[in-house]
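Engineer: Okay, here's what each chain looks like letter by letter:
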Amino acid sequence: MSDRVVDQELVERAQAGDKRAFDLLVLKYQRKVQRLVARFVRDSGEIDDVTQEAFIKAYRALPTFRGDAAFYTWIYRIAINCAKNYLSSPGRRIVPFSSLEKDDDDGGESFEHNVGLQDASTPDAEYASKQIAETVNRAMEALPEDLRTAVTLREIEGLSYEEIAEAMDCPIGTVRSRIFRAREAIATQLRPLLGTNEDKRW
Amino acid sequence: MANVNVINGAGQLPPATREQISRWMDGDIAPHEIDLAMATLSKEDNRYCWAEMHFVGDCIRGIEPTASGCAERIRAAIAAEPTIMAPVARVARERAALKDNALFGAMRQMGRGGRAWATAAAVAAVGFVGTVVYQDQMRGAQLAVAPAVNAGVAQARSADFNALLQAHQESADATSLSSVRQYMRPAVAIQTQ
Numbered sequence: 000m001s002d003r004v005v006d007q008e009l010v011e012r013a014q015a016g017d018k019r020a021f022d023l024l025v026l027k028y029q030r031k032v033q034r035l036v037a038r039f040v041r042d043s044g045e046i047d048d049v050t051q052e053a054f055i056k057a058y059r060a061l062p063t064f065r066g067d068a069a070f071y072t073w074i075y076r077i078a079i080n081c082a083k084n085y086l087s088s089p090g091r092r093i094v095p096f097s098s099l100e101k102d103d104d105d106g107g108e109s110f111e112h113n114v115g116l117q118d119a120s121t122p123d124a125e126y127a128s129k130q131i132a133e134t135v136n137r138a139m140e141a142l143p144e145d146l147r148t149a150v151t152l153r154e155i156e157g158l159s160y161e162e163i164a165e166a167m168d169c170p171i172g173t174v175r176s177r178i179f180r181a182r183e184a185i186a187t188q189l190r191p192l193l194g195t196n197e198d199k200r201w
Numbered sequence: 000m001a002n003v004n005v006i007n008g009a010g011q012l013p014p015a016t017r018e019q020i021s022r023w024m025d026g027d028i029a030p031h032e033i034d035l036a037m038a039t040l041s042k043e044d045n046r047y048c049w050a051e052m053h054f055v056g057d058c059i060r061g062i063e064p065t066a067s068g069c070a071e072r073i074r075a076a077i078a079a080e081p082t083i084m085a086p087v088a089r090v091a092r093e094r095a096a097l098k099d100n101a102l103f104g105a106m107r108q109m110g111r112g113g114r115a116w117a118t119a120a121a122v123a124a125v126g127f128v129g130t131v132v133y134q135d136q137m138r139g140a141q142l143a144v145a146p147a148v149n150a151g152v153a154q155a156r157s158a159d160f161n162a163l164l165q166a167h168q169e170s171a172d173a174t175s176l177s178s179v180r181q182y183m184r185p186a187v188a189i190q191t192q
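Residue numbers (numbering that gives the first Met the number 0), protein chains in the order written: chain A, 0 to 201; chain B, 0 to 192.
Keep in mind that a hint or two might mislead.
[Stated by the list, open to error] Here are some, though not all, of the chain B residues that point toward chain A, as calculated from beta-carbon distances under 10 Å:
1) Arg22
2) Ser41
3) Cys48
4) Trp49
5) Met52
6) Cys69
7) Ala70
8) Arg89
9) Val90
Note that these hints are calculated values from the structure, not bench results.
Just so you know, even glycine gets a beta-carbon here, dropped at the ideal spot from N, CA and C.
Given only the sequences and the hints, what does the whole structure look like? Please build it.
Structural biologist: Okay, here's the thing in structure tokens:
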């Protein structure tokens, strides 16, 4: 199974009236959607507004989602449409990102271009984001080699557990354990940074 | 969703549960585990763990942490929405699975001997249909040739008849109508007028 199957299961449960299942999709994709919206909209408050609108529209349109496409391509398309509608609405400020047209071609599924949120954030928020990024980098560097390799193959390369087991020549149970321990080590370093009510990350 | 709960909630979950959530979010989940996973993730603390692990993953991928998450406000907005009851995706998936299962299930139930007979029957059916189609095509070709032959015969008959008619006219002109020829021209002229 892939994580797309998990998404499909969550969508089906949301369609059957389980709002908590939809919330799990929001928790999974909200940052990716925010990041995508930030390519079109500069102000952080407006980014959150458009992101929220995208998820609400997706929820309302759930009865039309048959699962032929992946959920993330569907929600990205909705988010792009929401952002474009927002920009074209009267009285809105249009941010002329030079890469706007180019970015649109990939359906918002790549995030190489580092534009958007950094410009949109306040200095405090920017500092907090930088602090988190540095903490994650330090935590990654401090990981044992096999844990770092396993979590990198999963999170960055997108390999399945079977593929990682083959690449690292180890049982799949070992892959599960390594990825989990790597995530735990990083989460442990991050928790002190996330533990205030004012700094809600999700 | 206050982040203090991340510390007091997800951080204190049993490691086995956290490891399960870690692998479930990557799609490493057996079909029989899906109900368990959904029941587990419906609990608040486990949802924090889910959110936290995805946050870690996003950070590793270099997606900059946003100034604030908006899941809480989205959750509040969704709570105000009417509950959806439209299991279209499940119906579509089950219908597709049913179609596949009907065919493969029937094949499975036949066993090895049954499958051999089914294969032989399929080959025989294809051969039979092929023969019928071939015969139909041949019959069609013959029917297509027949009008051409008939046309040729008709053309030959027409030529013979014209020759006969011409000969008859010549002889008639010379013999039988000679006595009335003086009356024919005005009659023909009247007809043409």
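Engineer: Would you mind marking each hint as holding or not holding in the structure?
Structural biologist: Quick rundown of the hints versus the structure:
1. Arg22: Arg22 (chain B) check passes; min Cβ-Cβ to chain A is 5 Å, inside 10 Å.
2. Ser41: 5 Å, holds
3. Cys48: Holds: closest Cβ of chain A sits about 9 Å from Cys48 (chain B), inside 10 Å.
4. Trp49: 6 Å, holds
5. Met52: It holds, given that the least Cβ distance between Met52 (chain B) and chain A is near 6 Å, below 10 Å.
6. Cys69: Where the cut-off is 10 Å and the nearest Cβ of chain A is about 5 Å from Cys69 (chain B), the hint holds.
7. Ala70: 5 Å, holds
8. Arg89: 4 Å, holds
9. Val90: 9 Å, holds
Going down the numbered hints, you'll see the structure goes against none, and every one checks out.
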